[in-house]
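Put together the whole structure using the sequences plus the hints.
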Amino acid sequence: MEKLMSDLKTQIIAQLNLQDTKPEDIGDDQPLFIEGLGLDSIDALELIVLLQQQYKIKLSNAEDGPKVFKTVRTMAEYITAHQAQNA
Amino acid sequence: MKTENYITASCVINNNIVYKNGQPLFEESGLELPEFLLAVYRHFELQYPKFHKMDNLSKLGWLANEVLLQDNFDKEKYKPEDVGIVLSNANASLDTDIKYYETTKTIASPAQFVYTLPNIVIGEISIRHCFKGENAFFISEEFDAGFIEQYVSNLINNNILQCCICGWVDVFDSRYNATLFLIEKDKSANSVNFAKENLNKIHQLKLSA
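In order, the protein sequences belong to chains E and W. Numbering of the first sequence is given in my numbering, commencing with residue 1 and proceeding in unit increments. Numbering of the second sequence is given in my numbering, commencing with residue 1 and proceeding in unit increments.
Some clues are possibly wrong.
Claimed, not checked - To spell it out: a stretch of chain E is covered by chain W in this simulated footprint if at least three of its residues, at any positions, have a beta carbon under 8 Å from a beta carbon of chain W; those stretches are:
1) 11–21
2) 43–51
As the list claims (entries may be wrong) - Calculated lysine-lysine pairs in the DSS-like style (CA-CA distance at most 27 Å, straight line):
3) E:Lys22 / W:Lys53
4) W:Lys99 / E:Lys56
5) E:Lys70 / E:Lys56
6) W:Lys132 / W:Lys185
None of these hints come from the bench; they were simulated from the model. In this text, a Cβ means the ideal position worked out from N, Cα and C, and glycines have one as well.
Here is the structure:
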């Protein structure tokens, strides 16, 4: 899980062009949107693209978005659960 | 009806040189456009994380506007609705349209898609400075100083705007240029009449650079 969260931070920075942000600036449980990292609705769509490109996961239910993309940890948990399901 | 308005500041970015009021402020030759734009952002010590998400057209226009207004613009003089933006170029958003189209062959990029209109650069400038006045983006093969003078004068002389940022912001592949003018009703130090001859003269700086 720690390795996955570390990879995700690097991938989020690259995908969203967060050039002023370093992986260590993103906390595992820091909210990604609004008061946390300050991501917006376009960033949310880019996170969906990231899941598809990097992990071959399609978010089947858009209503899951707020839960899945709440923090780096919730993203990692979703990926892990999805990979276990498809193993 | 008042008919005299003034160019109170100008900014030209071309050939990897940034000019403010005709004076070169920054030069970094040998860089490709994205790297040059980042070098300008860093040189002027700008702090705006969203800059990094913009396409090249928006970055160029946004940077030219930051330089244009730096030390020259008294924001307190105007209400948000008083300040408008009128821009033009030859290639619309074609540079980004092509990049976006490439992404559609795999997974379409939402971040690229939102820049597939040329007037998005006006939105980026407006968001940065909370400008809410009239705005327009025109496409023409070349910079049409006569049209810009007429259109902007009409907005100001009819009190639709009190101040206008106008000019040319164009990007296609490695070719780019930007010329922005700050147009106000009152004279200031070194201002010149808002006339097509003066617009062309400032724009020529770019062409001859």
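Now the hints, each set against the structure:
1. Counting residues of the stretch 11–21 of chain E whose C-beta sits closer than 8 Å to any C-beta of chain W gives 6, which meets the bar of three, so the coverage hint holds.
2. For the stretch 43–51 of chain E, the stated coverage by chain W is satisfied: 4 residues place a CB nearer than 8 Å to a CB of that chain, which reaches the threshold of 3.
3. Only pairs whose Cα atoms come within 27 Å are accepted, and lysine 22 of chain E paired with lysine 53 of chain W is accepted, the gap being roughly 16 Å.
4. Note on lysine 99 of chain W and lysine 56 of chain E: the hinted pairing holds, with a Cα-Cα distance of about 23 Å set against a maximum of 27 Å.
5. Proximity of lysine 70 of chain E to lysine 56 of chain E is assessed by CA-CA distance (about 20 Å); at most 27 Å being required, the pair is judged to hold.
6. Proposed proximity of lysine 132 of chain W and lysine 185 of chain W is supported: the alpha carbons are some 18 Å apart, at most 27 Å.
Every hint from the earlier list agrees with this structure, and none is contradicted.
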